[in-house]
Amino acid sequence: AQKVTQVQTEISVVEKEDVTLDCVYETRDTTYYLFWYKQPPSGELVFLIRRNSFDEQNEISGRYSWNFQKSTSSFNFTITASQVVDSAVYFCALIDGEGSSNTGKLIFGQGTTLQVKP
Amino acid sequence: NAGVTQTPKFRILKIGQSMTLQCTQDMNHNYMYWYRQDPGMGLKLIYYSVGAGITDKGEVPNGYNVSRSTTEDFPLRLELAAPSQTSVYFCASSYRREQFFGPGTRLTVL
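So the protein sequences, as listed, match chains L and H. Numbered by my numbering, the letters in the first sequence go through residues 70 to 187 in order. Numbered by my numbering, the letters in the second sequence go through residues 15 to 124 in order.
Quick caveat, the hints were computed from the structure, so don't treat them as lab data. Just so it is clear, CB atoms sit at the ideal spot from N, CA and C, and this is done for glycine as well. A couple of the hints might just be wrong.
In silico DSS-like pairs for lysine-lysine, Cα to Cα no more than 27 Å straight-line [to be verified]:
1. H:K58 - H:K28
2. L:K107 - L:K186
3. H:K28 - L:K107
4. H:K58 - H:K23
5. L:K107 - H:K23
6. H:K23 - H:K71
7. L:K139 - H:K58
8. H:K28 - L:K72
9. L:K186 - L:K72
10. H:K58 - L:K85
11. L:K139 - L:K186
Every beta carbon over 10 Å from chain H, so not counted as near; a handful from chain L, in silico [to be verified]:
12. T89
13. R119
14. Y133
15. T141
16. A150
17. Q152
18. Q179
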């Protein structure tokens, strides 16, 4: 069965520290998509990144970077030089299924709450 | 484009009451979803639809019903509200595996 596990439930860092949020997934599919979302205290879900299973290149977007490793079924998220505005709940998610059976349903991890202290 | 809109934003229900959570998208997406987020948890799929007239159950469908008479609208119905349905409800639509989420409805059942 497909499953997403976020290793840390809560992380607390001091501003300017680097922080990594770990995500481990399980799937039987050879083609799949992985996502990270941010949920700030206001409650909305903010899309951060989507990765397909054929693209293992690391991605960097400003202070954010993502490390995708199929060999360990992991899709980890690093924030460099964290800021107070990064305080939020972060979700890793997986789309299961492919081809005609694909319905785009997201399977979410339980979330990692990141607190960045000034 | 307004994207995905949900109404109401907040609602308090008494046990046994019923209500409909509204969801509308203006992007002409065929795929739509309802998720619930319980405190400290990730989102879980309640129902989804792959097009007008087609719906199917997700992971946690008990206590809910949906309909999809148009591409734009995907309402979620709670018939007999229970405290276990206290949650934040998110509607989403998708296109080419990118999901667009509404702002959520915070529901409390007392």
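How the hints compare with the structure:
Between K58 of chain H and K28 of chain H, the direct Cα distance comes to roughly 23 Å. Compliance with the 27 Å bound is thereby established for this hinted pair. Proximity of K107 of chain L to K186 of chain L is assessed by CA-CA distance (about 18 Å); at most 27 Å being required, the pair is judged to hold. Distance hint between K28 of chain H and K107 of chain L is unfulfilled; the C-alpha atoms sit about 32 Å from each other, more than 27 Å. With a CA separation close to 19 Å, the supplied pair K58 of chain H and K23 of chain H stays within the 27 Å bound.
Between K107 of chain L and K23 of chain H, the direct Cα distance comes to roughly 20 Å. Compliance with the 27 Å bound is thereby established for this hinted pair. Between K23 of chain H and K71 of chain H the CA atoms are separated by roughly 24 Å; this keeps the pair inside 27 Å, and the hint holds. Using a Cα cut-off of 27 Å, the hinted pair K139 of chain L and K58 of chain H holds, with the two alpha carbons roughly 25 Å apart. For the proposed pair K28 of chain H and K72 of chain L, the alpha carbon gap of about 34 Å is over 27 Å, so the pair is violated.
About 31 Å separates the Cα atoms of K186 of chain L and K72 of chain L, which puts this hinted pair outside 27 Å; it is violated. Straight-line distance between C-alpha atoms of K58 of chain H and K85 of chain L comes to about 33 Å, which puts the hinted pair past the 27 Å bound. Proximity of K139 of chain L to K186 of chain L is assessed by CA-CA distance (about 33 Å); at most 27 Å being required, the pair is judged violated. At the 10 Å boundary, the C-beta of T89 of chain L stays outside the reach of chain H, the nearest C-beta of that chain being 19 Å off.
Once the 10 Å rule is applied to beta carbons, R119 of chain L is inconsistent with being away from chain H; the minimum gap is 6 Å. For Y133 of chain L, the requirement that its beta carbon stay farther than 10 Å from each beta carbon of chain H is met, with the minimum near 18 Å. The claim that T141 of chain L is not at the interface with chain H holds, since no C-beta of that chain comes within 10 Å of its own (minimum 21 Å). Every beta carbon of chain H lies more than 10 Å from that of A150 of chain L, the smallest distance being close to 27 Å; the non-interface claim holds.
Once the 10 Å rule is applied to beta carbons, Q152 of chain L is consistent with being away from chain H; the minimum gap is 24 Å. Not every beta carbon of chain H lies more than 10 Å from that of Q179 of chain L, the smallest distance being close to 5 Å; the non-interface claim is violated.
Checked against the numbered hints above, the structure violates hints 3, 8, 9, 10, 11, 13, 18; every other hint is satisfied.
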